[in-house]
Amino acid sequence: MEWDNYFKNLAYAIASNSKCLSRHIGAVLVKDKAIISTGYNGPSRGIPPCPGPKCPRTALGFNSSEGLHLCPAAHAEANSIAQAARSGVSTSGTTMYVTCGVPCKNCLALIINAGIEEVVCTSLEWYDELSPFIVEHSNLIIREYKKRR
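Take 17 as the starting number for the sequence shown in the numbering used here and just add one per residue.
Accuracy of the hints is not assured; some may be wrong.
[Said to hold, decoys possible] The calculated DSBU-like cross-link candidates involving lysine-lysine, where the alpha carbons are at most 30 Å apart (straight line), are:
(1) Lys35 with Lys121
(2) Lys49 with Lys121
(3) Lys35 with Lys162
(4) Lys47 with Lys35
(5) Lys35 with Lys49
(6) Lys121 with Lys47
(7) Lys47 with Lys162
(8) Lys49 with Lys162
(9) Lys162 with Lys121
[What the hints assert, rightly or not] DEER-style ranges, computed between Cβ atoms:
(10) Thr74 with Asp48: 37 to 47 Å
(11) Gly109 with Tyr28: 16 to 26 Å
(12) Asp48 with Pro72: 37 to 47 Å
(13) Glu133 with Tyr22: 11 to 21 Å
(14) Ser106 with Glu82: 32 to 42 Å
(15) Ser32 with Ser60: 14 to 24 Å
(16) Ser32 with Pro64: 12 to 22 Å
(17) Ser108 with Leu76: 36 to 46 Å
(18) Ser106 with Ser32: 21 to 31 Å
(19) Lys49 with Tyr28: 15 to 25 Å
(20) Gly104 with Leu76: 34 to 44 Å
(21) Leu76 with Glu134: 37 to 47 Å
(22) Val105 with Ala125: 12 to 22 Å
(23) Glu134 with Arg102: 21 to 31 Å
Keep in mind the hints are simulated off the structure, nothing from the lab. Don't be surprised by glycine CBs; every beta carbon is placed ideally from N, CA and C.
Assemble the whole structure, with the sequences as input and the hints as a guide.
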């Protein structure tokens, strides 16, 4: 069995639990071929998901992909790191599999500071303009997932 394929498929299964109307993103943290944590994009525990009447974006009349600065959800990468912390599991020396391109600058900062060594993405597309700078000046390995034949 190809481990990249296995963990990427699990990341997609985790992503399917997201209640986000725009994108379903999943993340799986792995160390020594064992899963230590997972996460998907969505609001923090106890916070209602969109598009409920209490959602700030809905209440202010924003359409999908608008007013994202008001979105109460956290990214899958951040949620997987938080879940590991909540469980008391070290993320140092791990690999993160994500169902998106290169993570955003905020997630990259968390990933680097959590000691994650490698991120395997579905593409090498940059989420924002600061991400390349952060990766270039770190020891983080970013690679694109490629299904082997």
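Hint check:
| no. | hint | in the structure |
| --- | --- | --- |
| 1 | Lys35 with Lys121 | holds, 23 Å |
| 2 | Lys49 with Lys121 | holds, 27 Å |
| 3 | Lys35 with Lys162 | holds, 27 Å |
| 4 | Lys47 with Lys35 | holds, 27 Å |
| 5 | Lys35 with Lys49 | holds, 28 Å |
| 6 | Lys121 with Lys47 | holds, 23 Å |
| 7 | Lys47 with Lys162 | holds, 20 Å |
| 8 | Lys49 with Lys162 | holds, 18 Å |
| 9 | Lys162 with Lys121 | holds, 23 Å |
| 10 | Thr74 with Asp48: 37 to 47 Å | holds, 43 Å |
| 11 | Gly109 with Tyr28: 16 to 26 Å | holds, 24 Å |
| 12 | Asp48 with Pro72: 37 to 47 Å | holds, 41 Å |
| 13 | Glu133 with Tyr22: 11 to 21 Å | holds, 19 Å |
| 14 | Ser106 with Glu82: 32 to 42 Å | holds, 38 Å |
| 15 | Ser32 with Ser60: 14 to 24 Å | holds, 20 Å |
| 16 | Ser32 with Pro64: 12 to 22 Å | holds, 20 Å |
| 17 | Ser108 with Leu76: 36 to 46 Å | holds, 40 Å |
| 18 | Ser106 with Ser32: 21 to 31 Å | holds, 27 Å |
| 19 | Lys49 with Tyr28: 15 to 25 Å | holds, 18 Å |
| 20 | Gly104 with Leu76: 34 to 44 Å | holds, 38 Å |
| 21 | Leu76 with Glu134: 37 to 47 Å | holds, 39 Å |
| 22 | Val105 with Ala125: 12 to 22 Å | holds, 20 Å |
| 23 | Glu134 with Arg102: 21 to 31 Å | holds, 23 Å |
Checked against the numbered hints given earlier, the structure satisfies every one of them.
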